[in-house]
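Each chain is listed here by its residues.
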Amino acid sequence: MPRGRAWQVIARAGIVARFRERRFLALMLVAWLLFLVRAVQLYVGTTIARASFLAPSEETFHSFLNQQRLFVFFITIYAGAGLIANDRQANALQLYLSKPITRRDYIAGKLATLAAFLFFVTWVPAMLLLALQVLFSGSLEFVSAHPRLVPAITMTALLQIGLASMTMLALSSLSRSRRFAAMLYALVAIFAGAVGRVLETTTGHAGWVLLSPQNTLAILTDALFGLPADSDVPVAIAVFAIAALLGLCAIVLERRVRAVDVVA
Amino acid sequence: MNSDRSDHSDRSDRSDRSDRSDRSDGSPVVLDKVSVRYGALQALRDVSVAFPAGVVGLLGPNGAGKSTLIKALLGLLRPDSGVLRVLGHDVSADPLSVRAAVGYMPESDTHIPGMNAVSFVAYCGELCGLPHTDAMQRAHEVLFYVGLGEARYRNVETYSTGMKQRIKLAQALVHDPDLLLLDEPTNGMDPRGRDEMLALIRDVADRRKERTSGRPPISVILSSHVLPDVELACEYVVVLDKGAVATDGPIAALKGDSTRVFELRVKGDEARFIAALRETGIESHDESGEVLRVFVPVDRPVQLLFKVAAQQGVQVRHFRPSVPSLEDVFARALGD
Numbered sequence: 001m002p003r004g005r006a007w008q009v010i011a012r013a014g015i016v017a018r019f020r021e022r023r024f025l026a027l028m029l030v031a032w033l034l035f036l037v038r039a040v041q042l043y044v045g046t047t048i049a050r051a052s053f054l055a056p057s058e059e060t061f062h063s064f065l066n067q068q069r070l071f072v073f074f075i076t077i078y079a080g081a082g083l084i085a086n087d088r089q090a091n092a093l094q095l096y097l098s099k100p101i102t103r104r105d106y107i108a109g110k111l112a113t114l115a116a117f118l119f120f121v122t123w124v125p126a127m128l129l130l131a132l133q134v135l136f137s138g139s140l141e142f143v144s145a146h147p148r149l150v151p152a153i154t155m156t157a158l159l160q161i162g163l164a165s166m167t168m169l170a171l172s173s174l175s176r177s178r179r180f181a182a183m184l185y186a187l188v189a190i191f192a193g194a195v196g197r198v199l200e201t202t203t204g205h206a207g208w209v210l211l212s213p214q215n216t217l218a219i220l221t222d223a224l225f226g227l228p229a230d231s232d233v234p235v236a237i238a239v240f241a242i243a244a245l246l247g248l249c250a251i252v253l254e255r256r257v258r259a260v261d262v263v264a
Numbered sequence: 001m002n003s004d005r006s007d008h009s010d011r012s013d014r015s016d017r018s019d020r021s022d023r024s025d026g027s028p029v030v031l032d033k034v035s036v037r038y039g040a041l042q043a044l045r046d047v048s049v050a051f052p053a054g055v056v057g058l059l060g061p062n063g064a065g066k067s068t069l070i071k072a073l074l075g076l077l078r079p080d081s082g083v084l085r086v087l088g089h090d091v092s093a094d095p096l097s098v099r100a101a102v103g104y105m106p107e108s109d110t111h112i113p114g115m116n117a118v119s120f121v122a123y124c125g126e127l128c129g130l131p132h133t134d135a136m137q138r139a140h141e142v143l144f145y146v147g148l149g150e151a152r153y154r155n156v157e158t159y160s161t162g163m164k165q166r167i168k169l170a171q172a173l174v175h176d177p178d179l180l181l182l183d184e185p186t187n188g189m190d191p192r193g194r195d196e197m198l199a200l201i202r203d204v205a206d207r208r209k210e211r212t213s214g215r216p217p218i219s220v221i222l223s224s225h226v227l228p229d230v231e232l233a234c235e236y237v238v239v240l241d242k243g244a245v246a247t248d249g250p251i252a253a254l255k256g257d258s259t260r261v262f263e264l265r266v267k268g269d270e271a272r273f274i275a276a277l278r279e280t281g282i283e284s285h286d287e288s289g290e291v292l293r294v295f296v297p298v299d300r301p302v303q304l305l306f307k308v309a310a311q312q313g314v315q316v317r318h319f320r321p322s323v324p325s326l327e328d329v330f331a332r333a334l335g336d
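Just so you know, the sequences run in chain order R and Y. Counting in my numbering, the first sequence runs from 1 upward without gaps. Counting in my numbering, the second sequence runs from 1 upward without gaps.
Because the hints were derived from the structure by calculation, they are not lab data. A few of these clues could be false.
What the hints assert, rightly or not - Only part of the chain Y face toward chain R is listed, based on derived beta-carbon distances under 10 Å:
hint: 1; residue: Lys71
hint: 2; residue: Leu77
hint: 3; residue: Gly88
hint: 4; residue: Ser92
hint: 5; residue: Ser97
hint: 6; residue: Gly103
hint: 7; residue: Gly114
hint: 8; residue: Ser119
hint: 9; residue: Tyr123
hint: 10; residue: Leu127
hint: 11; residue: Gly129
hint: 12; residue: His225
hint: 13; residue: Gln312
hint: 14; residue: Val314
hint: 15; residue: Val316
In this text, a Cβ means the ideal position worked out from N, Cα and C, and glycines have one as well.
Produce the complete structure using the sequences and hints provided.
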């Protein structure tokens, strides 16, 4: 195996192990239900003249990806909480890092495991919907009329995947318990959002929305789809906040993923 | 335990390893003034030692720096100063090449969660660079070799302590390494399991000696604080104490024929007796709180013991010739 490819071995093992679980398979199937609903909507909106109000727009894909956030949340918790926490509990980190792999390989492998599942419930169904739209309408007119759609879907999916994967992985590295890591993630994803909204409403300061990674991400996705922003926070600030969070996650991973824990 | 198939598939890797195993002084592991520090704690201080080929015991009390040394050899800890060379590689410069050629059996209980034994060992093989099919085949072979063939489809988490030790050895062997680093391999094992594990370790080294493929024989570094284990499995020993090498050499030579050993039980001021013996050039240590082991140089008469005892007003209640043991080497090296 050429150097630097060990992450693929780790990712493949992680994906295979997860797909052996029926509960997880069921979760992945449920995550595609919304796709079926949207596919029917596209078919009706495209082929039946009286139902033209159901015809797709950029907003259709934006709201689809927004709705998929619920499944991104559950899959992230289910498949991501134990990625490093379980290894820490089983003292597996020293085993991994005593092999000819780097810490980067290890982290990349774990990231790829979670990212693959999230990719499968965000970008893949969104692009399939677009393909179905072309199929039902029989032309590329819609795609050419909305040139920003494919990049917007791709960027939104990548941001959702990157943010969820990095945050979950960093939190997973902080603990030896997958349950604790899952609780931390839920705290960040739900509680921070609620607190941010409450503070924004009570103080009237829009900046509190940045307290929640999810709400910050929403500012970016609105901008990517060219939709009016839900918040007064400038896009540049939101970009900076997301970049800072990803950087923080990278620092946590760098410090926590070590074969030897030195307590000096 | 090595199949033709895996030998064939690994041929390019092997030739690469042969180059890597260019051991200019014949020692697979060489440390030159290596120091490792954890904050204020100096774990290794200016350690300079060469581990010869074969099975070498790394001895020392808890906290002597054995595990630190092994982790430094794997490149998991970066030394503050000094150079470590493993199989011809500078560990700091090329840790991945070192890890590719080394099998490591950690001290602590460790496994990959949710895997059965075959998947676990094969996975470790793949992480070491074996193709999936070869890794799976090697996993089966190695698991039979370490005596886990019948239990290879069981989840590792359900294994007993002895079985977990064996599977840790299996994962260290799966990629057919040139050097094995075994950290307390008999920890938690019952006497029978311990004997079997030590026999396995000897067998690993012996099998590779028989190979004629041009590859160097496998070397083993066995870190332990269980002296009989080391005495049984090793030819050479390095004793660490407080982060420094207390002594090293072939066990037979360290035991030496320059002294005769006697067991004494005395009544009276034992500490004064020991001090008086030391003044006459006779070393001794209290092994069990009752029996003194006394080392009389061959150029001194044994009667000197009784003379010193008489001078110190100490009665000799028991006197028996004994044979030098590794424990004596260890005790003398640590200055006990």
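| field | Structure-inconsistent hints, enumerated in ascending order | value | Result: hints 3, 4, 12, 13, 14, 15 break, sorted rising.
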